[in-house]
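Each protein sequence line maps, in turn, to chains A and B. Quick note on numbering: the first sequence equals residues 996 to 1230 in this note's numbering. Quick note on numbering: the second sequence equals residues 492 to 720 in this note's numbering.
Hints are computed from structural coordinates only; laboratory data are not their basis. There's no promise every hint is true.
Only pairs whose alpha carbons sit at most 27 Å apart, straight line, appear in this in silico DSSO-like list of lysine-lysine [what the hints assert, rightly or not]:
#1 B/K569 with B/K537
#2 A/K1128 with A/K1091
#3 B/K717 with B/K552
#4 A/K1067 with B/K617
#5 A/K1145 with A/K1128
#6 A/K1128 with A/K1067
#7 A/K1091 with A/K1145
#8 A/K1128 with B/K552
#9 B/K717 with A/K1128
#10 A/K1145 with A/K1089
#11 A/K1067 with A/K1089
#12 B/K617 with A/K1091
#13 B/K569 with B/K552
#14 A/K1089 with B/K617
#15 A/K998 with A/K1145
Remember, predicted model here, so these are calculated numbers, not experimental data.
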Amino acid sequence: MDKTIQTAAEAVAQIPDGATVMIGGFGGSGAPIELIHALIDQGARHLTVVNNNAGNGHVGLAALIEQGRVDKLICSFPRSADPGVFVAAYRAGKIKLEIVPQGTLAERIRAAGAGIPAFYTPTGFGTDVAEGKPVAVFEGRSYVQERWLKADYALIKAELGDPHGNLTYRMAARNFNPVMASAATTTIAQVSRLVPLGGIDPEHVVTPGIFVSALTEIPNPAQEEDLNRAEAIYP
Amino acid sequence: MIDITEIKLSNAQIAWRAAQDIEDGAYVNLGIGFPEMVAQFQPHGKQAIFHTENGVLDFGKSPDKGHEDWDLINAGKKAITLNPGTSFFHHADSFAMVRGGHLDVAILGAYQVAQTGDLANWSTGKGGIPAVGGAMDLVQSAKRIAVITDHVTKTGAPKLVDTCTMPLTGVGCVTRIYSSLAVIDIEVAGFVLREKIAAISLDDLQSLTGAPLHLDGPLQELACPKELA
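When you get a sec, could you build the whole thing from the sequences and use the hints?
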């Protein structure tokens, strides 16, 4: 078994119009910039994107939105140092927004990966985000029912990867990447270094390969923060 | 109405006061922006461990300019550094720490706090783009929820109110407010005044507060280091 794919372009080639795509990262940390740019080049439209944020500057997720590819965004925090692209699309009515509290977003994704269709959380009880959702009382406290959040594809970024798709991450770039890997039908990882089988100590594997469909090596991946400081625009 | 511009505490002084109540060994989450400042004023001999939602526990100060590693950031997307003892974890684990009640204290900013402990801090409800982040999770689940805030808005309206008019972040969650004029607990009776700055009278403080201030035991002076003014 070898899940390795030569290029980012080949890795994202099958993503169709209308797909729901989870994109890992928290701000720029852990964002799979090269896979997102390959998806822009590939041309898929009418996407629903799940990400913690809504892009920053004119690269990565912001560029995908700027190119008009995203119909709906599910996120917790659509603000950034330079959120202009999302704000313009939102104000023009070109993109729908579903705001999800960050912990609920993470748990909805985790639940999907774990086969749990719904769960109860104290988060959001009595607020606008709980509107229309079932509420139940456990041990005297009220909880809101939230449902799993699945995706057709997940685009994630990891540090080391082996041909079976076992992954490690680098520092806080881990964030949403492991849970998203488990919640999508097809998970595509860009890894900064591809190592042979046995090249990752089993004790250090964070995402076991069962959650990963394909991986491609992108050495020295771009950091969104660096691109934005250089005022980069993609494409 | 009394002009408080000259007498109110600076943000650094409010953050300093909030930091004095963080116990040694506490696991603490600081909201993005102003609350992050609390970490600078850890009293000597009290070591808090800071949690950031994006998956880091026990992180250090900001790095020097030019030494940032953008894979190592806090929830405010600012660069941080490692401590001996730092750990990394994914988002679902991070919010298990939050929802599971493992954090001792969360300190957040506020648009409005009601005398019932309701907090509004995520959306003005006026057509701005809402952004909730991790606030709704934090306010329901940390053992102690404190707010640091100016006592009134830029236009002089009370931020401590009878009932929040803005969309809620959480219901009945805030237990202590560190404002630019006072330290106020939220108890069954409502706002209980614990400390106020010497330069404001009780009547003037009440006139700037949107619900009754109750007294319970001795009222202390809220005194902060002058060099932080």
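Outcome of the hint check:
no., hint, verdict
1, B/K569 with B/K537, "holds, 24 Å"
2, A/K1128 with A/K1091, "holds, 20 Å"
3, B/K717 with B/K552, "holds, 24 Å"
4, A/K1067 with B/K617, "holds, 22 Å"
5, A/K1145 with A/K1128, "holds, 18 Å"
6, A/K1128 with A/K1067, "holds, 21 Å"
7, A/K1091 with A/K1145, "holds, 18 Å"
8, A/K1128 with B/K552, "violated, 41 Å"
9, B/K717 with A/K1128, "violated, 50 Å"
10, A/K1145 with A/K1089, "holds, 23 Å"
11, A/K1067 with A/K1089, "holds, 9 Å"
12, B/K617 with A/K1091, "holds, 18 Å"
13, B/K569 with B/K552, "holds, 10 Å"
14, A/K1089 with B/K617, "holds, 20 Å"
15, A/K998 with A/K1145, "holds, 22 Å"
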